[in-house]
Amino acid sequence: MRRYSAFAIAREAMRHHSGWDRAWRSPAPKARYDAIIVGAGGHGLATAYYLGKNHGIRNVAVIEKGWLGGGNTGRNTTIIRSNYLQDPSAAIYEKARSLYETLSQDLNYNIMFSPRGVMMLAQTEHEIRGYQRTAHANALQGVATEYISPRRVKELCPIINIDGPRYPVLGALWQPRGGTARHDAVAWGYARACSDMGMDIIQQTEVTGVRREGGRVVGVDTTRGTIACDKLGIVVAGHSGVMAERAGFRLPIESVALQALVSEPIKPVMDVVVMANTVHGYMSQSDKGEMVIGGGADGYNNYTQRGSFHHVEETVRALVETFPMISRLKMLRWWGGIVDMTGDRSPIISKTPVDGVFVNCGWGTGGFKAIPGSGWAMAELMAKGQSPLADAFSLDRFREGRFIDESVAAGVAH
Amino acid sequence: MLTLTCPYCGIAACETELAPGGEAHLKRFGPGSSDDDFEGYLFLRPNVKGVHFERWRHAMGCGKWFLAARCTATLEVFGTYSAQTPEPTAEIIAAIRAKRPDWSLT
Ligand SMILES: Cc1cc2nc3c(=O)[nH]c(=O)nc-3n(C[C@H](O)[C@H](O)[C@H](O)COP(=O)(O)OP(=O)(O)OC[C@H]3O[C@@H](n4cnc5c(N)ncnc54)[C@H](O)[C@@H]3O)c2cc1C
Ligand SMILES: [Zn+2]
Chain C
1 MRRYSAFAIA REAMRHHSGW DRAWRSPAPK ARYDAIIVGA GGHGLATAYY
51 LGKNHGIRNV AVIEKGWLGG GNTGRNTTII RSNYLQDPSA AIYEKARSLY
101 ETLSQDLNYN IMFSPRGVMM LAQTEHEIRG YQRTAHANAL QGVATEYISP
151 RRVKELCPII NIDGPRYPVL GALWQPRGGT ARHDAVAWGY ARACSDMGMD
201 IIQQTEVTGV RREGGRVVGV DTTRGTIACD KLGIVVAGHS GVMAERAGFR
251 LPIESVALQA LVSEPIKPVM DVVVMANTVH GYMSQSDKGE MVIGGGADGY
301 NNYTQRGSFH HVEETVRALV ETFPMISRLK MLRWWGGIVD MTGDRSPIIS
351 KTPVDGVFVN CGWGTGGFKA IPGSGWAMAE LMAKGQSPLA DAFSLDRFRE
401 GRFIDESVAA GVAH
Chain W
1 MLTLTCPYCG IAACETELAP GGEAHLKRFG PGSSDDDFEG YLFLRPNVKG
51 VHFERWRHAM GCGKWFLAAR CTATLEVFGT YSAQTPEPTA EIIAAIRAKR
101 PDWSLT
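Top to bottom, those sequences are chains C and W. The first sequence runs contiguously to residue 414 in this note's numbering. The second sequence runs contiguously to residue 106 in this note's numbering.
In case anyone wonders, no lab produced these hints; they're calculated from the structure. Wrong hints could be hidden among the right ones.
[As the list claims (entries may be wrong)] Interface residues of chain C toward chain W, partial, derived using beta-carbon atoms under 8 angstroms: (1) 242; (2) 251; (3) 312; (4) 394; (5) 398.
[Said to hold, decoys possible] Capping the alpha-carbon separation at 20 angstroms, the derived lysine to aspartate or glutamate pairs in DMTMM-like fashion look like this: (6) W/99 <-> W/54; (7) C/95 <-> W/35; (8) C/351 <-> W/17; (9) C/384 <-> C/344; (10) C/330 <-> C/391; (11) C/53 <-> C/34; (12) C/351 <-> W/54; (13) W/64 <-> W/17; (14) C/351 <-> C/313.
[As the list claims (entries may be wrong)] Residues of chain W clear of chain C, computed beta-carbon distances all greater than 12 angstroms: (15) 14; (16) 40; (17) 52; (18) 55; (19) 68; (20) 72; (21) 93; (22) 94; (23) 99; (24) 104.
Here the structure is a predicted model, which means the values were calculated and not measured. For each residue, glycine too, the CB sits at the ideal point set by N, CA and C.
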């Protein structure tokens, strides 16, 4: 692989950009792999990457039914933070956030990580107590966050209206090293690095069945024939229930639609991410100048990747009250993704009832921020059968009542 | 926008008037049942992409719970029916079959 660098740009500028390689190969599937990952979203690609980089397992295929990064990874609002309440969450989300800090260098691909700071507004007495508690928990976990005053909120984000009539801003939980990254670039960067290690990324190919012998996985059926494998990682987000069914088990997951929208681009007006959980909306400004807006998830099972209009109305109403200056912006694009929700709003990274089959799912409305840490943990689990970061997120926590309750930390979908 | 007809008051209600209540026809397992049954009842869901039986409440209307059969892949509604039935009724199964001849209740 030719490395990307300032020198490479200069060189290519001199010769009409004729020397750029394809970022990844598109090979035909081999008959057998040591490990197959189903789903080329961020989590699947990161799993493959760390299998190769950390554990030397490189005879790996990532099989994707659509195009890589075309699922939730390419549909999210790119908020990265690690200010969760419970210790296992703080551990894996902070691992991910810290890997994001150097991911561009690690992958030799500019993922545009921008630690511009994330603030979660407290707009009720209950939220004040909740966020102060989270700030204390984060201090003990070694995650740098702080509870800040309304005045500081206004300093950090001048366009905010802190004394709205219904829900004035009473304070905020502030994570200065949270922020955003370019979502497509995360998928593309991992894909390029995987391909460079000799892994096969097979797009436009659906995994339609899981072959088992004596309770152990031996391969998968796909729309391009049967492929043998020793280990299988199912990393398909919204389609986890469908894939689990094909592997012969059920998951504690339900799939619902989550939507987002962006405005026309305007000059820079805010350089932080603001989340308002009580009124249910959040907003940041992309490098192109678009205001990136997200809200709540639908409450019913849905696989259509479409939003519903009344949710947009609800979200926009909340944000216009919080940021009055956006009231005349035109909205440019609007889309939905199918998110995989667990009862405790925490993910699953686990072995399954089928030997050799592992699942990584349940990231629901908030897994973009977790991609590097999740891939790291999933790769370790698949390679060694055990991973300290993943332990608490095993499937049997539901059976055993060991929930990792993050329904408060993830009060709004993000 | 999703529209379901409340089987009690007959109103065609849009989703803002309704509250979703998750999968219908769950078989309840209580104290004394096996861990497997209890886990299945509380947490494990088929989460189908296709015909789905589910609970809804006419929250902003008559307030009553009812059941609906709906396709999660297309949002097509096959019908709604009374919540006082432990399994899908013959009529709703016929309504689904009329539109999905290959479908069968598993
Ligand atoms: C509108 C929206 C906003 C969001 N905002 C944020 C945010 O601000 N911050 C944040 O941290 N998270 C956010 N999220 C959540 C985040 O996007 C997801 O948690 C994350 O992207 C999941 O990544 P993934 O790799 O697990 O899944 P995906 O990117 O969905 O990848 C799964 C892939 O599996 C493929 N697949 C499925 N079935 C099969 C099969 N049978 N065979 C082959 N391939 C298959 C799919 O085509 C898909 O490409 C948001 C999500 C949405 C929808
Ligand atoms: Zn009614």
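Handout entry: Given as non-interface: residue 72 of chain W, which should sit over 12 angstroms from chain C by C-beta
Key = violated (5 angstroms)
Practice task
Could you check that no beta carbon of chain C comes within 12 angstroms of the beta carbon of residue 55 of chain W?
Solution key: Check fails; 10 angstroms does not lie beyond 12 angstroms.
Problem - residue 312 of chain C as chain W interface residue, shortest Cβ-Cβ below 8 angstroms - result: violated (11 angstroms)
Practice task
Under 8 angstroms, Cβ to Cβ, is where residue 398 of chain C needs to be relative to chain W, so tell me if that hint holds or is violated.
Solution key: holds (5 angstroms)
Exercise for the section: Quick one: work out the minimum CB distance from residue 14 of chain W to chain C and report holds if it exceeds 12 angstroms, violated otherwise. Expected result: For residue 14 of chain W, whose nearest Cβ neighbour in chain C is about 8 angstroms away, the distance does not exceed 12 angstroms, so it is violated.
Practice task
With 12 angstroms as the threshold, tell me whether residue 40 of chain W passes as away from chain C on beta-carbon distances.
Solution key: violated (7 angstroms)
Exercise for the section: Could you check that no beta carbon of chain C comes within 12 angstroms of the beta carbon of residue 52 of chain W? Expected result: Contrary to the label, residue 52 of chain W does not stay out of reach of chain C, its closest Cβ about 6 angstroms off (not over 12 angstroms).
Practice task
Please verify that hint: residue 251 of chain C, Cβ, nearest Cβ of chain W, below 8 angstroms or not.
Solution key: holds (7 angstroms)
Exercise for the section: Quickly compare the C-alpha distance for residue 53 of chain C and residue 34 of chain C to 20 angstroms and report which way the hint goes. Expected result: Judged against 20 angstroms, a Cα distance of about 15 angstroms means the pair holds.
Problem - Cβ separation check - residue 104 of chain W to all of chain C, threshold 12 angstroms - result: holds (15 angstroms)
Exercise for the section: Would you check the hint for residue 99 of chain W and residue 54 of chain W, treating anything up to 20 angstroms between C-alpha atoms as holding? Expected result: holds (18 angstroms)
Practice task
Over 12 angstroms to the closest beta carbon of chain C is the bar; see if residue 94 of chain W clears it.
Solution key: Non-interface label on residue 94 of chain W holds, nearest chain C Cβ at 23 angstroms vs cutoff 12 angstroms.
Against the hints set out earlier in the document, violations occur for numbers 3, 4, 7, 8, 9, 10, 12, 14, 15, 16, 17, 18, 19, 20.
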